[in-house]
Amino acid sequence: MTDRFTDVAAVHKGLADVDYLADDGLASIVYLADRLEKPVLVEGPAGTGKTQLAKSVAEMIGARLIRLQCYEGLDESKALYEWNYKKQLLRIQSERDADWETIEDDIFSEEFLLTRPLLEAITSDEPVVLLIDEVDRVEIETEALLLEILSDYQVSIPELGTIESKQIPLVFLTSNNTRELSEALKRRALYMYLDYPELEREREIVLTKVPDISENLADQIARIVRSVRDLDLRKAPSVSETIDWARTLVLLGVDHVDAKTATETANILLKYRSDIEKAVKEFAQSEETFAPAEG
Amino acid sequence: MTDVAPEPLFSTAEMADPLLDLLGGFIQELRDAGLPVSLTENLDAMEAVRAIPIGDRTTFKYALGATLVKNHQHWPAFETVFDVYFAIRGPEYSLTDPDADPFGEGDQQDNDSQQGDQGSQQGGGGGEGMSNEELAEMLYQALMRQDQVLQRAVARTAVDRFAGMEPGRPVGGTYYLYRTLRNLDLDGVLERMMEADQAQNEGRSGLDDRLARDEYESRVEKLKAEIEAEIRRRLVADRGVEAMAKTLRKPLPEDLDFMHATRDEMEALRKAIAPLTRKLAIRLARKRRNRNKGGLDFRNTIRKSLSYGGVPADPRFKHPRPSKPEMVIIADISGSVAAFARFTLHLVYAMSNQFSKVRAFVFIDGLDEVTDYFDGSDDITAAVHRVNTEADVVWVDGHSDYGHAFEVFEKNYMKSAINPKTTVMILGDARNNYHAAQSWIIQEMKRNARQVFWLNPEPGSYWDTGDSIVTEYAQYCDGLFEVRNLRQLETFVEAVL
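The listed protein sequences correspond, in order, to chains A and B. Residue 1 is where the first sequence starts when you use the numbering used here, and the numbers rise one by one after that. Residue 1001 is where the second sequence starts when you use the numbering used here, and the numbers rise one by one after that.
Quick caveat, the hints were computed from the structure, so don't treat them as lab data. Virtual Cβ for every residue (Gly too), placed ideally from N, Cα, C. Watch out, some of these pointers could steer you wrong.
[What the hints assert, rightly or not] Restraint-style ranges between C-beta atoms, simulated for each label pair:
| no. | chain 1 | residue 1 | chain 2 | residue 2 | range |
| --- | --- | --- | --- | --- | --- |
| 1 | B | Q1200 | A | G253 | 47 to 55 angstroms |
| 2 | A | E76 | B | K1287 | 19 to 27 angstroms |
| 3 | A | E264 | B | N1132 | 31 to 39 angstroms |
| 4 | B | H1260 | A | Q285 | 50 to 58 angstroms |
| 5 | A | E264 | B | S1218 | 24 to 32 angstroms |
[Claimed, not checked] Quick list of in silico lysine-lysine cross-link-like pairs, PhoX-like style, CA-CA up to 20 angstroms:
| no. | chain 1 | residue 1 | chain 2 | residue 2 |
| --- | --- | --- | --- | --- |
| 6 | B | K1279 | A | K235 |
| 7 | B | K1324 | B | K1287 |
| 8 | B | K1318 | B | K1287 |
| 9 | B | K1411 | B | K1446 |
| 10 | A | K278 | B | K1271 |
| 11 | B | K1357 | B | K1324 |
| 12 | A | K260 | A | K271 |
| 13 | B | K1411 | A | K235 |
| 14 | A | K278 | A | K260 |
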């Protein structure tokens, strides 16, 4: 198959064109995933753009995004395939006279197969990006369902044989790291940890995602968020919360954040009472220490 | 074809071999540092390296990282090994250069050529004849203007001048780093930058002021990292990759010893504990939910059997009653084991919704209950801090006295705290300073409680040496565990609770 990207810089630019600002590591890994035909496992705190990465890559290469949302209790019939029992029954009833062997062969054919996301991704004719979201939510035993498709891009169905992929999809797995994923899964994937962005990148993200924001305000927001993340919090503000905060400030017509505004809108950035209290205390303190110098 | 005939320039077999050798050594080093690298990952890395342009260092690093490191906490270890193994090498890092005079009198030419190599305009002055004041000024300018090239030049000159590095000298990088930083007075530079900044922006708000300070601090941190890398590069040039890799080998956060962690390591530990508790809590909850069903529900089974003509074809079971244990933690917080107690308290309280009730006691030679500190606040770090500062745990002299602490517990809390549902965790090294053991109290505890466990942060080989009397106590416990690092703590919690 042909390579989707010419080089790392192309990935970088392509992602930027669809408003996803990647850092060098991210771009390198997306590029490698394509070259090595391997899935990418993206881990990191919530709200750093893991799911968005898959969406943006799909948009960039003009592929269809197929998403499998994982949850506890996910099984084969929801993830891979299921036999269409009703249709099979109808088929049997409609040909009462036919001999058993023909019917048996017949009802276990692709016609009676309901494809679920994983099977769908590899049987699709058009280019596909497969997103397996929050893979850490399934039980460790269920992970095994994914292994065949991740390493060989094929699905084995006992009654039918092995279905091989028509094209190699780009696969992204995301995990919030609530549990250690199995070695088998990790071994098959390229690993990427998506952390909170650096100051410059976050500023760029705010500038891209929030219309009508001034450079000054975006810069100040990025700096405040960096300082807030440095506090010892239960849940540090995510990128999406930064963007929400920036939008709020723009709506309020703020063009320069002072301690008072920050205190009043801290509940958008932070979600725990103790975190908000801590941040507010910090804002107030910075005001106090400066007061004498002003006079 | 003769030997002289030009081979195709990009033949992988020819090109890759030395690289693969290098990669092999690199992976071996990662394994030695404790990172689990499997054979398939090894092959993946080699394939990945072939797929990327080899000149691109960043891509190269991430390609290796993505294929070899599958746990974020292992990333710092990987970075160190990478920096050492694929160090930027060149003659300018040599320590054996006869002209290399740390005080910059004889090395005018040498320095000039170095700076020329770097293509640095501002750094052209190098180190020759420059006074320390001028160097400080240059440093200040470099940080103020965020001039990367100049910063690097300053880092190099500073290491040249202050570190006093000599070939073959058997001291570690930290020593040189300390010497360099001591002479640079980075705190002073930080203050100066703040003053200049404030002068420029008269009358701005305190918040902006604070943000500016954070910004300058992060710049200084970056400079420190640059200096550290510079020293490391020179050490590699002097001693060779293999030797350096060994000295730089750092334990992974989960393997850090509670009792001997440095301040930076403590920070790493503190960061590692939050994800750990989250993982543990989820696993425990899952385990409890999926535990075996309850006993046979006879009545319901008979009722069900009616629909099968009286045959009990569908046995029904009682709903399991998940038992959440009550926890009592009794922790020694004297100096030697304080860190361990802190982490364990943190861990237990972070997952306190897994227990029906948690009570915590701390002691040195007196004993105090600290449950209230935790119940009142949802900020565990602050509560743990209060434990260390406010709890009334000193009775006579502030040296561990397990016997007396247990006596206080027996007198004041035994009846209220211990019942047949209670799991007791005692944390300490049982170094009793030769006081009376009073181990009958532990026996008493054992009689009344469901389980009693003793967690000892000392390595097993130290137990019962000197004033340690851990076996004396442990004979009445359900288990005695060596818990020296997060990994062991995790294993204990999962296996036992």
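Structure-based check of each hint:
1. Q1200(B) / G253(A): 47 to 55 angstroms: violated, 27 angstroms
2. E76(A) / K1287(B): 19 to 27 angstroms: holds, 24 angstroms
3. E264(A) / N1132(B): 31 to 39 angstroms: violated, 49 angstroms
4. H1260(B) / Q285(A): 50 to 58 angstroms: violated, 34 angstroms
5. E264(A) / S1218(B): 24 to 32 angstroms: Because 27 angstroms falls inside the window, the suggested range holds.
6. K1279(B) / K235(A): It holds: about 15 angstroms lies between the C-alpha atoms, which stays within 20 angstroms.
7. K1324(B) / K1287(B): Holds: K1324(B) and K1287(B) sit about 12 angstroms apart, inside 20 angstroms.
8. K1318(B) / K1287(B): Measuring from Cα to Cα gives roughly 18 angstroms; hence the hint holds.
9. K1411(B) / K1446(B): holds, 16 angstroms
10. K278(A) / K1271(B): holds, 18 angstroms
11. K1357(B) / K1324(B): holds, 8 angstroms
12. K260(A) / K271(A): Holds - the C-alpha atoms of K271(A) and K260(A) are around 18 angstroms apart, at most 20 angstroms.
13. K1411(B) / K235(A): violated, 41 angstroms
14. K278(A) / K260(A): holds, 15 angstroms
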